[in-house]
Each structure stands twice: as structure tokens, then as C-alpha cells.
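Each of the two chains sits in its own frame; use the hints to bring them together as a complex.
So the protein lines, in turn, are chains A and B. In terms of the numbering used here, the first sequence is numbered consecutively and its last residue is 435. In terms of the numbering used here, the second sequence is numbered consecutively and its last residue is 640.
What the hints contain is simulated information worked out from the structure, not anything from laboratory work. There could be a bad hint or two in this list.
[As the list claims (entries may be wrong)] Stretch by stretch, here's where chain A covers chain B in the computed footprint (C-beta under 8 Å, at least three residues): (1) 557-564; (2) 584-594; (3) 607-616.
Using N, Cα and C, we set each Cβ at its ideal position, and we do this for glycine too.
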Amino acid sequence: MASIIFSINNLIHCPLVGRSWALLILLSTAFPAQAILTIEIIGSGENQIPIAVVPFAGDAVLAKDVSKVVATDLQRSGLFQLIDPAGKAPKEPKDIVYADWPGVDNLVIGSVQALSNGRVEVKVRLLDMNKKSELLAQAVSARKDQLRAISHRVADLIYEKLTGDAGVFGTRIAYINRQGKANRLVVADSDGFGEQAVLAINQPILSPAWSPDGSHLAYVTLETGHAVVYAQSLYTNQRIVLANFSGSNSAPAWSPDGKHLALVLTRDGSSQIYLVRSNGSELRRLTFGGSIDTEPNFSPDGQHLLFTSDRGGSAQVYRMSVNGGPAQRLTFEGGSNFSPRYSPDGKSFVFSHQSGGRFYVAVHDFESKQMQLLTEGGWEKKPSFSPNGKLVLYSSEAKLRGILATVSSDGRVKQRMFPQSGDIREPIWGPFLRK
Amino acid sequence: MKKIVTGVFLLNLLAACASDELPTEEATAAVAEDTAVMEVAPPQRATEIAPQIAPERAIESIIEPAAEPATAELFEPISPNAAMVDPLDDPNSMLAKRSVFHSFNSDAVQSESTAIVQAHAKYLADNPERKVRLEGNTDERGSSEYNLALGQRRANGIKKMLILGGADANQVEAVSFGEEKPKATAHNESAWSQNRRTDIVYRAK
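The shape of chain B in the complex, shown without the other chains (with noise of 0.2 Å):
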């Protein structure tokens, strides 16, 4: 169990990173402090995932960590009668969010969605045998091929989330649609956050 706080603390960490800027060369330099974060977490993890994270998450959290402690409820059961369903069919769970939002050219996660990720590592963690997918999505502005990079990089930043959570990696395939697949198609603001997104799969049991 330790462990897992431990991870779920990290996450909060690593995702309150709602930024609305886009990276700056300034960020990307900081490596040191990056590392220094990364520390914390448990060593054969630390060197996981330290080389992924991007930098300037990583600083950003430290001056701004996440207010909100979603970790509590995630270890209490949903009701009474939860042991028996399988909490991803209640629609009332934080299970039952499949979506993650994103900012414009960014994978930082923006901070309502982090405890939904917390709530499918979780669950990951405890149903070793589900698996899931992440299907990372954009917004039509930059090309094609660079979206589908940029999707990809949202992707695989929700699946650092989730290991870091507690989820193996091996439950957790990370690919990207690019523009390809808007949920909506207007050329306005509105229709880009949407698209801005990765969705989270559950594979059939």
C-alpha cells in the first residue's frame, strides 16, 4: 500500500501541470530540477520514468502541486454492494470518465483530469488482469504527421501517470490518432479543446 500512496502522491505531482503556455527553450533546459523531483519516487521507478517526463512539468509542479487530495476516496469502496460489481460499470465512479483534456500543443494534463488517471491507475493496480489503451488525440493546427507525434507524446505521458500509479506497464498501450478522429469538427476553439484529448480504452475482458 505504501507504494502505491507513494505513486498516487507523484501522480498529483506530475499532473498539476494544467498549463496554458506552451513549453519554453528556458524549460527545457532545467534538467537538474526534473531529476531532483524524480528522486522521490522509488528508485527502480525513478529511473523508469525520469528520462520521459518532460522538464517543464516538472518544475511546474513544484511550484504549484496539486490542491486537490483525490487520493482518499479511492481507497474507500464505492458503496456497500461495490465489492461485488466491477466499479468501471457504475456510472457514478470516477471510473466511468473515459476522457482526459489536454492544452493547446501541450500533454500536461489539466488539473480536473488528474484524478480520473489516479482512479484507472488504481483500478489498474487492482484488476492486474484488464488492460487498457490511450488513444491520444489533437487539434487540426499543425500538420498531419506532427500531430499524430504530438498525440502519441499525450498518449505515453497518461501512461506514465498510470504506472506511476500503480498500473503495470504491460496493461497500458499507448497510441495516437493525430487530427484524424475529431470529436468535433469546427475550426473554432471549442471544437479544438475538445479534440485536445486522450481517451481511455478498456480491451474486453
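Next comes chain A alone, as it looks inside the complex (with noise of 0.2 Å):
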């Protein structure tokens, strides 16, 4: 038997995922955080694979939460059919009665055990029930408080071994959760759990954005009474002003290299785009009229920006060289059109359609020229892709609350997930954590 097990050190050699640790155990000593408090998954993938996840041995309570994790990403997916294992729960190959899983595609088993050293171990297997054969053998380790973090790595080598896509259970998303006049700017998982807040004020916070590296967020707050951008550290929780010119300062994005961000200012008059190093100096002007241009978005090539701006009349995606120059409309249908947001291949993006008073996440594709609609409507905003491009996030309303969705990239799976407490607004998908 082709049985791999690789340890949790061989991964840690690996510094981004290093770092992610790192992070991940430093803001859960920033501030107490609020959970999400459900999550609803509706639609389904057009071929789901029948998966069983049968309960993790070893740890009762650790294997119960393990398990449970696995299980949910996988669902909420929309890829999988997950098939319950009515009581059968072979902890080994070996254990395995094939005939007792008729239309189970692939089975997954595994163990998690709590180490001597304060790490909890999650060993995985899994199988392919067809063939019988094992497809993979593997360990992750991390301390104990990062479970969650274990659990969701665990889903994402099944889901890229079933799939071949890299999975995204283990990225993380930013948001801004807003009650009354308390903001607070949430990190958490892309389920909506494991939330630290890296910032909490008494002033209004937006335009998170995530760096490439995911080590920084820029975002922009009201606090000295006119919005400025800053860039802070989530390692250090440490930031620094990138622009406080008079007027507004908004919409920071990150050049795909990390070292420049796009963002907009108004100290030469309207809202014009402008670049800028990541540590705030060498200004440089992109755009030059007397029109609204913001929100810019950097291709993944780094060469193009997407923008929103109002010189035709109305709010429209136009797309110009990183240099400036003359600018390209993009959007014409429906009334306005807005948030423009590249997925990670740089062949489409994703955005805000407003037509009739409802706001749409729709989605534009390069080649074909043609808008997509995503949603079927409603106070939708801030589209994101995630980082495999598989599916979008976005902010919606329900229950007359400000939520977090998700919708399969072809449309066919959406997720809300409700917070506990306040209205969820600017959700931002964040980068691979590795390569």
C-alpha cells in the first residue's frame, strides 16, 4: 500500500504557510470576536461527487469538530453529494467492506489525536471506492487552537485531488461588521468562523483590501473626521498612512507584486486614481478630468486597472493601461454598473449591476463580451472572487441584516451566512496563503 504520511513539519518548512500560522495564533489575541451563527447552503453543483465523511476516530471531541469542518466545506461547495455512513465507521483500509457503500464515489476516514507537545495531529485517507485504491494518505499538525485551521486544510486536499482545482476552504475572507456606530474589520475563514477583529472604532470603516501576500489589509476609515487610507500589518497589527490629503482618500488596491497600490483622492479637485508605493510614497496620477473614477482593481497581470467612473453620465467599468492613458468602457447594460473585480485568471470580472432599484452580482467575460448575472437580485454588493476563481463573495440583505454570500462561479450554488450580531458590509476574498 502506497501509504504517505507526510508530517505538519515538512509543511511548516514551506514559509508562507509558516507565516499563516503565525498570523492566525496572533490575532486570536487581538479582540474577542463574535461567530457567524448560520449558514444556509442553497442549490446544487451539475455532477456531484457522492462522498462519505465518516466520523474521525481517535480525540472523541477534537474528531467530532475535525469531522464536522470537512464535512461542511465539502458540502458547501456544491461539488459534493455527501452521503450519510449510517453508523459504519471503519478506522483503517483495512476495515473497509466496499459492498457496504453502494453509490459512495469516494470515502474519507481518518483519525485526529492530541499530541504531547499542546499540536493536535489529523491524520486523513482517502479513497476511491470504485477502483479501491487509496487516492490519499496524510497528516496535518498544527497547535490546538488551530483546529478549525486543520480541519479546513484537510478539506482542501480532498477537494484538490477530487476536483484538481486548488481548494479555498483555508483562505481567509475580510469584512467590515457594523452595529450602530461600532465597526469592527473581521478576518475570519471563508466559512465566516474563526472572526478576530484587527480593528475596532467608532467611525465608519470600508474598501478593505487584502495585499497579495495576505500579510496586510489597506482599508479606509472616517476617524479624523475625513477618510483616509492606511495599510496595516496583520502580523504586528502595526500601520502606517498611506494618503491623508484634504477631502477624501478611498478605494486602496494592490498591484499584484505587492508593491504599488491604486487608489483614489480628491486633493486635486473630483475623485481621480492615482498610484502609489506601498509605503505611501512616489505619488503619480493616472487619471485627468473632472468625473467620479474609482473603486480601481489591478488585472492579475498586473498591466490593466478596472475602474468605476461617471464621465459617460453614469457609474460604468472602464479598463486602462496601469499607466494611464486613454480608458475603454466596458459595461453598458441596465442603469449602472459598478465594483468592478478581476477574477484570477485576468478572462472575466465580476461586479455590481444595478437595473430597476435591485442590485445584481454579475459577472463580464473578456472573449465574448457578454454580462452574466449571477443572483437574482437584491441589495447585492462587492463581488469577489475567490482565489481559484470557483466562486464569488459578496454582501446581500436579509432578515433586514447585512450578510455574507456565496455563489458558485456558474451560478447554480449560493450560501448566506448570517452574523450573530450587527450588518456584515464589504466582504473581500483573500489571496492563497501558499503556493
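Encoded structure:
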């Protein structure tokens, strides 16, 4: 049997993975935070893979949590049909009676063990029930308080093996949680759990933007009485002022190499797009007009910027070179179109489409020049792609609350995540922390 | 005084633009008319203001000049004792009104708000030690970034009207809260119309 058990130490030697653990640990000491209360999943993928996740063996308390997170992750991707193990609990491949699992293509078994050094180790095996072979055997370990992160990693391993795409369960999202005057800038797991507030103030926070390595968030606050752009390290919580000119400083977006940000200033009149180095130096103006130009977003190759402008009379999406110059209008349908963000492969962008008083999440394909609506419309704003391009995260509204929502990039599977309190605004999906 | 009167006249022209329509591409293209109107102003003010006035407002102001000559009473004392008290503290004064309302996706000032801006312009001209902050706000339609930009455009527009009415640029700061600090939170026109607003906030003496 080709059973390969990796130690987590092998994983941790990869510097980015090491940093992501460090980050999570730091955040857990920052501010207490409330959790997402409930998750609803609507719809399903076209060809779901029937899979059964056997409750993990070992430490019963820990195992229950791990099994649940792994199963929920797989389910909310919409790509899997979860089949109830109905009490069957093989612990090792040799325990499996294949005839007991009709209609199950893949089986997940595993165990969870608390180690003597305060760490937890999860061993997972993925089996192909038709070929009766083992597809995956791996161990993942981390500090005990990182149990959710380990579980997401296990789900990513399964997802990657079965779909061939990189998994995003272990990535993180950022958003604003607003309750009255209280604003918290929150970083959470992609399922909305594991919330940690990185900034809590009694003034509006808006426009969070991840640095491409996931180490920093740029954002805007009104805490000094006008809009100022900051960049904050998620490792040290130290922050710098990126732009604090008269009027409004807003809409930061990182270049793919992390060396520059595009942002919007009104210091020379109307809202115009500028480039600045990530330390706040070497400001350079890119647009020169009297209209509103805002919401810049870099193409994955760093050569173009999408942005919103009202130069044509209503807010629409435009594209220009990262060096400025002429811009091309890309959206024409409905009343207005704004908040553009590129897909990770650069072949499309997702945006807010406003029509007839409703806001939709829409995607524009560069090759076909066609717009596709991904949602039924409502109060839906600020879409952003998951780093594997398979899901779109956006803010929505339900039960008079601002909530998180995701939709698969084919529009088939939707998920709604309700906060325990307050409104969720301005969500943005973070990058992969490993390559 | 002549300068102030001219300024107030221009202010009326500029403010008579309570448009309910979105700016059109035709209006945006019509830069020539804009320049023509601005030549009425004293030369030094014209150069200061001309590039920043939205063209569609200038056009509308030609077609539809302000009906209400709100200037006369501004030059009269509010009461025999007015010279003794700060008119800012008089609840019956036009100066007691500190909010100016806007049309959808526009920095145009609704006509009833014009006199309010004129009164504050006059007060600032008469009291050069006073400073105000203009806080532009928007309704919640659009993105937070776009609305921050729109709120700034609104505050900037009021700032120009105040300067045109005699205030000094150094007395006026324009900022935007965008959609972030709504007065009313419902998703309807009644709430939105209250939130499309520029507040005039006097700095403490």
C-alpha cells in the first residue's frame, strides 16, 4: 500500500504556510469576536461527487469538530453530495467493506490525536470506492487552537485531489461588521467562522483590500473626520497612513506584486486615480478629468486597471493601462455598473449591476463581451472571486440584516452566512497563503 | 459690497439647478457655455472656479435662473438687536438651517436650499474668523467608494458656492462621509432624500 504520511513539519518549512499559522495565532489574541450564527446552502452543482465522511476516530471531542468542518466545507462547495455513513465507522482501509457503500464514489476516513507538545495531529485518507484504491493519505498538525485551520486544510486536500482545482477552504476573508456606530474590521475563515477583529473603532471603516501575500489589509476609515487610507500589518497590527490629503482618500487596491497600490484622491479636485508605493511614497496621478473615477482594481498580470467612472453620465466600468492613458468602457447594460474585480485568471471580472432598483452580482467575460447575472438581485454588492476563481463572495441582505453570501461562478450554488449581530459590509476574499 | 452682490447673483445662477435628472453626455460635452457664464464673474474668481463647475449646472442656470431674489434681506439686520448677538445663534435666522439637500446622483442643490447657502456665504464673508466644515453625504445606492466620491463632489460644490458668495477658501473645508453616516436607514426614497445632504458644520470659535 502506497501510504505516504507527511509530517506537518514538512509543510511548515514552506515559509508562507509558516507565516499563515503565525498570523492566525496573533489574531486570536487581538480582540474577542462574535461568530457567524448560521449558514444556509441553496442549489447544487451539475455533477456532484457522492462522498461519505466517516466521523474521525481518536480524541472524541476534537474528532467531532474536525469531521463536521470537513464535511461542511465539502458540502458548501456544491460539488459534493454528502452521503450519511449511517453508523459505519471503518478506521483503517483494511476495515472497509466496499459492498457496504453502494453509490459512494469516495470515502474519507481519519483520526485526530492530541500530541504531548500541545499540538493536534489529523491523519486523513481518501479512498476511491470504485477502484478500491487509496487516493490520499496525509497528516496535518498544528496548535490545538488551530483546529479549524487544520480541518480546512484537510478539506482542501480532498477537494484538490478530487476536482484538480486548488481548494479555498483554508483561505480567509475580510469584511466590516457594523453595529450602530461600532465598526470592526474582521478577518475570518472562508466559512465565516474563526472571526478576529483587527480594528475596532466607533467610526465607519470601508474598502478593505488584501495585500497579495495576505500579510496586510489596506482600508479606509473616517476616524479623523475625513476619509484616510491606511495599510495594517496582520502580523504586528502596526499600520501606516498611505494617503491623508485634504478631501477624501479612498478605494485602495494592491498591485499583484504588492509593491504599489492604486487609490483615489480628491486633493486635485474631483475623485481621481493615483498610484502610490506600498510605503506611501512616490504618488503618481493616473486619470485626469472632472468626473468621478474610483474603485481601481489591478489585472492579475499587473498591466491594466478596471475602475468605475461616471464620465459617460452614469457609473460604468472602464479599463485602462496601469500607466494611465485612454480608457475603454466595458459595461453598457442596465442603469449602472460598478465595483469591478478581476477573476484570478484575468479572463473575466465580477461587478455590481444595478437595474430597476435592484442590485445584482454579474460577471463580464472579456472574450465574449457578455454579461451574465449570477444572482436574482436584491441588495447585493461588492463581489470578489475566491482565489481559485470557483466562488464569488458578496454582501447581501436578509431579515433586514447585512449578511455574507457566496455563489459558485456558474451561478448554481449559493450560500448565505448570517452574522450573530450587526450588519456585514464590504466583504473581500483573501489570497492563497501558499503557492 | 459690489463684489458681494455680484457674487450672490452668480450664486443664484449656479444654484438654480435642482435637477432631477442624471447628467447627460450632451451636457458634459458642452464646455463652451460653461465658460461663457463664468465670464460674468470678476476675473480672478472666474479663473478660480471655472474649471470646477459641472457644465450641466451652468446650462440649466441659463435656461432657468433662480426665481427667488433671496439677496435683499441678507443685507438687513435681522432685528434691532442683531448686531449684539451672533446671528448664528438666532433660531429664526436662515443661518439656523445647516443642511442642504441634493438630487439623486447629483451635486446640484435643491432650489429651497439656495438661500441657506447664500446666508452662510454672507455670514462667513462678514465673519472672516469663522470656519466651517462641509460634510457631503449620499444615499446608499451605489458602492461605498462611489458614494464617498459623490459626497465629496457635493461638499466641493457647496464650497464653491460659499466662496462665490464671499467666503474665503481658507474658511471652508469640504469632506465626505459618503453613505456611511445615514440620517435615515430605510431602503426607500423618503430615507434616501434625507441622506442626499451636505451639512454645514461651524468650527468652535
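(request) Mind taking a look at whether chain A covers the segment 557-564 of chain B? Criterion is 3 or more residues with CB to CB distance under 8 Å. (result) Three-residue rule not met by the segment 557-564 of chain B, so violated; n is 0.
(message) Just to make sure I understand the rule, a stretch counts as covered if three or more of its residues have a C-beta closer than 8 Å to a C-beta of the chain. Does the segment 607-616 of chain B meet that for chain A?
(response) Our answer is that it holds, as 8 residues pass the Cβ test (under 8 Å) against chain A, meeting three.
(request) With a C-beta cutoff of 8 Å, work out whether three or more residues of the segment 584-594 of chain B approach chain A closely enough for the coverage to hold. (result) Our answer is that it holds, as 6 residues pass the Cβ test (under 8 Å) against chain A, meeting three.
Against the hints set out earlier in the document, a violation occurs for number 1 only.
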